[in-house]
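Undergrad: What follows is the residue order along each chain.
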Amino acid sequence: MSVIILLLGASLIVALFFLFAFIWSVKDGQYEDDFSPAHRMLFDDKTDNE
Amino acid sequence: MSLEKFSYDNRTVKWFAYATMFWGLVGMLAGLWAATALVYPDLNLGYAPTTFGRLRPVHTNAVIFAFVGNGIFMGVYYSLQRLCKARMFSDVLSKIHFWGWQAIIAGGALTLLMGYTTGKEYAELEWPFDIAITLIWLVFGANMLGTILRRRVSHLYVAIWFYIGTWVAIAMLHIINSFEMPLSLFKSYSWYAGVQDALVQWWYGHNAVAFFLTTPYLGLMYYFIPKAANRPVYSYRWSIIHFWALIFIYIWAGPHHLLYTALPEWAQSLGTVFSIMLIAPSWGGMLNGLLTLRGAWDRVREDAILKFFVVALTCYGMATFEGPMLSLKNVNAISHYTDWTIAHVHVGALGWNGFLTFGILYWMIPRIFSTQLYSRKWANTHFWIGTLGIIFYVIPLYWAAFTQSMMWKQFTEEGTLKFQFLETVTTIVPMYALRSVGGLLYISGLVLMIVNLAKTIRRGTFVADEAAEAPPLAKVTATYGKAHWHNWIERRPVQMVIFSLVVVGIGGILEMVPTFLVRSNIPTISSVKPYTPLELHGRDIYIREGCYTCHSQMIRPFRDEVARYGDYSKAGEFVYDHPFQWGSKRTGPDLARLGGKYPDSWHYNHMLDPVSMSPGSIMPPYPWLFDNRVDKGKTPAMINVMRKLGVPYPEGYEQQAKADFDKQAGQIADNLKRDKLEIPADREIVALIAYLQRLGTDIKVSEAKN
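Sequence lines, in order, name chains U and D. So for the first sequence, my numbering puts the first residue at 262; every next one is plus one. So for the second sequence, my numbering puts the first residue at 1078; every next one is plus one.
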């Protein structure tokens, strides 16, 4: 079934994209801090904080 | 470090918010209409565009791509700017994105009502729209990536990961599933046939749920729930694991829509296994959202916004537990083709997507209009009406599904089927009526929200460009040792966009070309022959009228189905079906072996007035098929396109086709005349009868020979 090959290929391409994105994100230090990002996004508004 | 002054674009956000509300109302009203037509078939109005088979695709497409689609863009445009501390990359792209998307929706709805459809569920829009969607999606991607690259916050918050994942996956799914060969401006045939078409379609269909209804909304959840609760997300680390696990596993689960069909068994098993694995990341995400509200539960009691979010997450949890259960073959044997599937998707659509959207709108609209919500009390009322609406919608459908499935499978002591198909339908019609009540309640809540927000908007002042300031992102990031090559691209947004498009493009091309050149090796059955020209026209009519929204063409290998419909369906029977028409719901009986079951005159009378042949039937009448003439001029082009797609019509058959058409149509007209039914041979009903009488008969020919 050639379509299985197509889908496996397409799925693998997406999986590979995410794998590379993952490696990049680790190397970029996206996960070195798992505390402040969660808090930082709460404090970005000047005008609309109640 | 000096602060940079800039502004957030709220205008595009506002437009998308208005579009979300408008299309939400339109899409849900279409759904209510179609659902109520199952109780009162007169609501089909005897008029083609208002018949269930055409309204249902309008409903599904409007809710998924117009309501939820605009909801995604609204939330992404609002949160992305604030998370990146940057204005959207380009105001022009924002404008093109907004108006382009609305034009696609309006044009799509119109063409669907006119009967232009590919006949593939949730991908019904015809090829010019498929191209337009691709282009607008690229605009959205460019605008989003450009913003990310111009961000003033180095760290990408988890919501942004979900937005990027959504964009990449949808681009790929849409392009691969939309491969089709145009016949005319608004008609094309799927590139794939039969089993392959089914697999691609449900790989797409399931991941439309995954990457259009789920991942972007999870991104929105990770932004708006912490914001509304004013609490950080329960576990940031968990959210990252959630993202990677979910996107990786989701893409494989599609075959669970084809359990017990002619799809090879190993593919079915693969779909089941990955579906079960999906429970873990799905529930991880749900719990992460719910636990974000720890210590804020006292506020949930009063705050309608948090109530909407809590129910949205609960519905997400229920739907993502139910989904894997439905993917078990033994459960699927009961649930498939029944209203259980409809109930399941509506827990997701009404609960998860709807309620999350409502919560976001209530939270966001007052902020961009710098005012307070007009009435908190109304918002609470909306919450309760909406929740009751969901309950009244899904519980009758679960009940209907169990009842009907059990009735289908009952045998008498003598070993014959206990119930006629029609009896199983008339039994559950009261449940359909209750479902409409639920839908009506839910829509009433939506209307209340629109009024509430309109009053909020009237008393507020719109902040089109919200001033903000932030330090610029350090141009020279601290590098350890050698600078990575990727740094070069990161600083060049336009190149990055182009590169990412090329990367996505290469993958598609590399996988596509060999697939179309290498012939498939589905087990072929020598007696299965291509459709005759008249049958091809009939098939087009079958697709145009959306027959597949209520009738399946796939007999599963169960005792009751074989007894009711005939021998179970084989993969080789569908090799010339561009597109496949297996369907996913049996509001009416399966048609895979309809051919030869009734005389031509039965079909004639049944299409003109279904109740005359099956008293109590809820099928709409199709009177226009008796007036419309078949466009015979198209026949050579149809044969030509089908041959290009691999259907083995002999060279030069185009010349012969018209004569064959006339001969077969004449025979059917003569048959009808013998039963005192006068109809010219060039009417659409004749072509449709030809197709219906062909269904599933090829395999009987080989049996007769043996």
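Bear in mind the hints are in silico, worked out from the structure with no lab data behind them. Any given hint could be a false lead.
[As the list claims (entries may be wrong)] Chain D regions said to be covered by chain U (calculated; three or more residues, Cβ under 8 Å):
1) 1239 to 1246
2) 1298 to 1309
[Claimed, not checked] Some, not all, of what chain D presents toward chain U, calculated at C-beta under 8 Å:
3) Arg1314
4) Ile1328
5) Tyr1451
For each residue, glycine too, the CB sits at the ideal point set by N, CA and C.
Undergrad: Give a verdict on every hint.
TA: Evaluation of the provided hints:
no., hint, in the structure
1, 1239 to 1246, "holds (count 4)"
2, 1298 to 1309, "holds (count 6)"
3, Arg1314, "holds, 5 Å"
4, Ile1328, "holds, 5 Å"
5, Tyr1451, "violated, 17 Å"
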